[in-house]
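Put the two chains together into one complex, using the hints given.
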Amino acid sequence: AQTVTQSQPEMSVQEAETVTLSCTYDTSESDYYLFWYKQPPSRQMILVIRQEAYKQQNATENRFSVNFQKAAKSFSLKISDSQLGDAAMYFCAYRFPNFGNEKLTFGTGTRLTIIP
Amino acid sequence: NAGVTQTPKFQVLKTGQSMTLQCAQDMNHEYMSWYRQDPGMGLRLIHYSVGAGITDQGEVPNGYNVSRSTTEDFPLRLLSAAPSQTSVYFCASSRLGGAGNTIYFGEGSWLTVV
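If you read the sequences in order, they're chains G and V.
For the first sequence, this note's numbering assigns the number 5 to the initial residue and increments by one for each residue that follows.
For the second sequence, this note's numbering assigns the number 23 to the initial residue and increments by one for each residue that follows.
Only chain V is shown next, with the shape it has when bound in the complex (with noise of 0.2 angstroms):
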């Protein structure tokens, strides 16, 4: 059993460049979504989705763009990288329809723009 598997795992981009992180999960799991976390600030939701084909924005979704068209996966775009951009990047799933139930994160994405 995977969990959820983010890649990559390091990156540095360009101001500029586009990019995407993949994050998988083999659960099962309604429920995605992706974090970042800058230091001093926890955890920030950038967006979510709660099914194939639903999406929607977060806390902080400005800059990102994300799709949902299988279960299993969850990528999430940098359209054009900034270096307020620069960041580690979560991505978490768990089943829908309960707020105990255990959410699952990957192990990280640490993002440079240079």
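The following block holds chain G by itself, in its conformation from the complex (with noise of 0.2 angstroms):
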């Protein structure tokens, strides 16, 4: 079963600076996808990036950047120049491309609070 590790339940930065987000997973697949959810005070889930396993170069949106390493099943989430609005639970989360299952499993989250 695949399973996605969180190890960081909290984590904290400096307005403007930029922080890290780390999670490891475990698979037996080679193609899957990797995505970050962010989840404000509000609850809504909101999809930050995603990273296709057999896509070598690091998926980017703006001031949000992965660092994907398949080999280590690493899958950590740059946040660059934070704002105050970053702060939320950021979820990793997995999915396989099991046609008629692709449910995504998530790790178990991090608190990410911005010092101003």
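If you are wondering where the hints come from, they were derived from the structure by calculation, not from laboratory data.
All values reported here derive from a predicted model rather than from experimental measurement.
Where a beta carbon is used, it is the ideal one built from N, C-alpha and C, also for glycine.
Just to be clear, a hint being listed does not mean it is correct.
[Said to hold, decoys possible] Pulled from the structure, derived: some chain V residues nowhere near chain G, Cβ distances all over 12 angstroms:
no. : residue
1   : Thr29
2   : Thr37
3   : Leu65
4   : Ser89
5   : Thr93
6   : Ser106
7   : Ser131
8   : Val136
[Claimed, not checked] Beyond 12 angstroms from chain V on every Cβ pair, some chain G residues (computed):
no. : residue
9   : Ser16
10  : Phe68
11  : Ser69
12  : Asn102
[To be verified] Partial selection, computed: residues in chain V whose CB lies under 7 angstroms from chain G:
no. : residue
13  : Pro61
14  : Gly62
15  : Gly64
16  : Leu67
17  : Pro83
18  : Tyr86
19  : Glu129
20  : Gly130
Printed below as a string of structure tokens:
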């Protein structure tokens, strides 16, 4: 079974600084997708970034980028120029293209605090 | 475009009562699913469906029932509520046939069982 581990329950960063959230996963598959979701206090689930395992290039979305290390099964999220609106829970998730059961497997989350 | 709509947003139940959480999507998505979110445990899959008339169990199905009579709707039924079912519930949907397809989440339903 696939598992996703986020070893940092809480992180904090000064506003305008850079922070990296860690995620590791366990799978025997070679093709899959990885995601980072943001959950602000409203509890809405917001997709931040996604990465396909077959793509060597790390995904980037504005201030958000990932460091995808397939061999190490590591998928960290870097937030640059942190802003107060980045404060939220962040979930790492894995999805395997098993037609008929493309479920998301989530990590336990990292609560990010932005210090003004 | 309403996306994924969940009702009710908040509900308090007494132990033993039954209720249905409603989920509707207007994107013609084949894949729909229910998750529950508990502190320190992330989101866990309860049930999912890949089309009308087809449902299957996820990671934590006990105490819940689902059906899928239409593409748009995927209700989650609590048969006899227990305090352990106090949680935040999320419905999600996506197109089928690609793990990279965007999954759309509802805004969540807060359920308290006393």
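Hint check:
no., hint, verdict
1, Thr29, "holds, 15 angstroms"
2, Thr37, "holds, 24 angstroms"
3, Leu65, "violated, 5 angstroms"
4, Ser89, "holds, 18 angstroms"
5, Thr93, "holds, 16 angstroms"
6, Ser106, "holds, 18 angstroms"
7, Ser131, "violated, 10 angstroms"
8, Val136, "holds, 21 angstroms"
9, Ser16, "holds, 18 angstroms"
10, Phe68, "holds, 16 angstroms"
11, Ser69, "holds, 18 angstroms"
12, Asn102, "violated, 8 angstroms"
13, Pro61, "violated, 9 angstroms"
14, Gly62, "holds, 6 angstroms"
15, Gly64, "holds, 4 angstroms"
16, Leu67, "holds, 5 angstroms"
17, Pro83, "violated, 12 angstroms"
18, Tyr86, "violated, 15 angstroms"
19, Glu129, "holds, 6 angstroms"
20, Gly130, "holds, 5 angstroms"
Hint compliance for this structure: hints 3, 7, 12, 13, 17 and 18 are not met, and every other hint is.
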